[in-house]
Amino acid sequence: MADKITKGATFQAQEVVDKYRAIYYAGASGDFNPIHIDPEFGKMVGLGGVILHGLCALGFVAKSVTDWTGDPGKLKKLRCRFATPVHIEDTITVAGEVLDVSGGRAVLNLKVTRHNGDEVEKNVTAEVEV
Amino acid sequence: MAIDTKFIGKTWPEISYDVCKEKIREYAKAIKNPDPHFVDEAFAKKSKYGRIIAPPTFCVVFGGALMEPIFFDNELNLNLMMLVHGEQEFEFFEVVKDRDTITSTAKITDIVNKEKLDVLTIEALSKNQHGRNVCRGIYTFVVRK
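Residue numbers (the numbering used here), protein chains in the order written: chain E, 1093 to 1222; chain P, 781 to 925.
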């Protein structure tokens, strides 16, 4: 947890996409699109199997921020562009950096990559209350 | 076929959602986030929120419920086989708590026809039982032609 949120502060978090993650997420979110739960369908549409819901990966990003702030209510904005599908057994790394602190808000830049270095989400930014 | 830009501004009926701690726990488990604010009732009672709260991105549960009637709208006629989630933006206001009732509305705010794809932007706004905003979600979908 961050002691004090200041410009230039950094943090990092990691999550492994275990075999059944997309199934858990489908159940919890209600998004049962077959590309997330049916490997045969995923292969048929050229994805090479199931892909994780982009919003689940974004949930991992939100967790990295709220774990760091220690108070989930402090996250005020979060945005991203989904760049590359996340596959089962990928390891996702989130690296956050505070770009600026002003007016009671800190602006964060987040780099979200998988183990082979691909940026799975781009233009990832967040704002937290300080 | 391109998505007709005449649908910019189209809205769908509001959807009401009753938040409960068990669903919050289920969602927190799915995103591998066992923060005690979401899952530990004794901790949550002593926290500044006074009860279990939802992770910020829990808004996809009540916001996601808004997307289904849009995806299956006969008039809009989206090609779901070619649809991917392009971008996502959330603005969080008041924290969502166990036993809140959330009312959400959706509106198409933009449609852009490009040569090989269409870009569809939907804004979802959710309020709690006090009429105060809890989340604004901007969902951007790309539909390949």
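Hints are supplied without guarantee of correctness; some may be wrong.
Computed list of lysine-lysine pairs in BS3-like fashion (alpha-carbon distance at most 25 Å, straight line) [said to hold, decoys possible]:
(1) E/Lys1203 to P/Lys907
(2) P/Lys826 to E/Lys1096
(3) P/Lys877 to E/Lys1166
(4) E/Lys1166 to P/Lys894
(5) P/Lys809 to E/Lys1169
(6) P/Lys786 to P/Lys801
(7) E/Lys1166 to P/Lys826
(8) P/Lys925 to E/Lys1169
Derived DEER-like restraints, expressed as beta-carbon distance ranges [said to hold, decoys possible]:
(9) E/Met1136 to P/Phe852: 15 to 25 Å
(10) P/Arg924 to E/Ala1101: 21 to 31 Å
(11) E/Gly1195 to P/Arg924: 39 to 49 Å
(12) E/Gly1119 to P/Asp784: 20 to 30 Å
(13) E/Met1136 to P/Lys925: 33 to 43 Å
(14) P/Ala822 to E/Phe1133: 21 to 31 Å
(15) P/Lys825 to E/Gly1119: 23 to 33 Å
(16) P/Asp820 to E/Val1108: 33 to 43 Å
(17) E/Tyr1112 to P/Val864: 31 to 41 Å
(18) E/Thr1176 to P/Glu874: 26 to 36 Å
(19) P/Asp784 to E/Thr1102: 17 to 27 Å
Calculated from the structure, these hints are not laboratory results.
We put the CB at the ideal spot given by N, CA and C, even for glycine.
Outcome of the hint check:
In summary, the hint linking E/Lys1203 to P/Lys907 is not supported, as the alpha carbons are separated by about 31 Å, beyond the 25 Å threshold. Straight-line distance between C-alpha atoms of P/Lys826 and E/Lys1096 comes to about 23 Å, which keeps the hinted pair within the 25 Å bound. For a cut-off of 25 Å, the pair hint linking P/Lys877 to E/Lys1166 stands: about 14 Å separates their Cα positions. Straight-line distance between C-alpha atoms of E/Lys1166 and P/Lys894 comes to about 38 Å, which puts the hinted pair past the 25 Å bound.
Only pairs whose Cα atoms come within 25 Å are accepted, and P/Lys809 paired with E/Lys1169 is accepted, the gap being roughly 22 Å. Under the criterion of a C-alpha separation no larger than 25 Å, the hint pairing P/Lys786 with P/Lys801 is inconsistent with the structure, at around 41 Å. Annotation: proposed proximity of E/Lys1166 to P/Lys826 holds, straight-line Cα distance about 18 Å (limit 25 Å). Using a Cα cut-off of 25 Å, the hinted pair P/Lys925 and E/Lys1169 is violated, with the two alpha carbons roughly 32 Å apart.
At about 21 Å, the beta-carbon gap between E/Met1136 and P/Phe852 stays in the expected band of 15 to 25 Å. For P/Arg924 paired with E/Ala1101, a C-beta distance near 40 Å fails the hint of 21 to 31 Å. E/Gly1195 and P/Arg924 have their C-beta atoms about 40 Å apart, which keeps the hinted 39 to 49 Å range intact. The beta-carbon spacing between E/Gly1119 and P/Asp784, approximately 35 Å, falls outside the hinted interval of 20 to 30 Å.
The supplied range of 33 to 43 Å is broken by E/Met1136 and P/Lys925, whose beta-carbon atoms lie about 19 Å from each other. A hinted range of 21 to 31 Å for the beta carbons of P/Ala822 and E/Phe1133 is inconsistent with their spacing of about 43 Å. In this structure the hint that P/Lys825 and E/Gly1119 lie 23 to 33 Å apart at CB holds, the actual value being about 27 Å. At about 24 Å, the beta-carbon gap between P/Asp820 and E/Val1108 misses the expected band of 33 to 43 Å.
Checked against the given bound of 31 to 41 Å, the beta carbons of E/Tyr1112 and P/Val864, roughly 23 Å apart, lie outside it. A hinted range of 26 to 36 Å for the beta carbons of E/Thr1176 and P/Glu874 is consistent with their spacing of about 34 Å. Between P/Asp784 and E/Thr1102 the CB atoms are about 46 Å apart, so this pair departs from the stated range of 17 to 27 Å.
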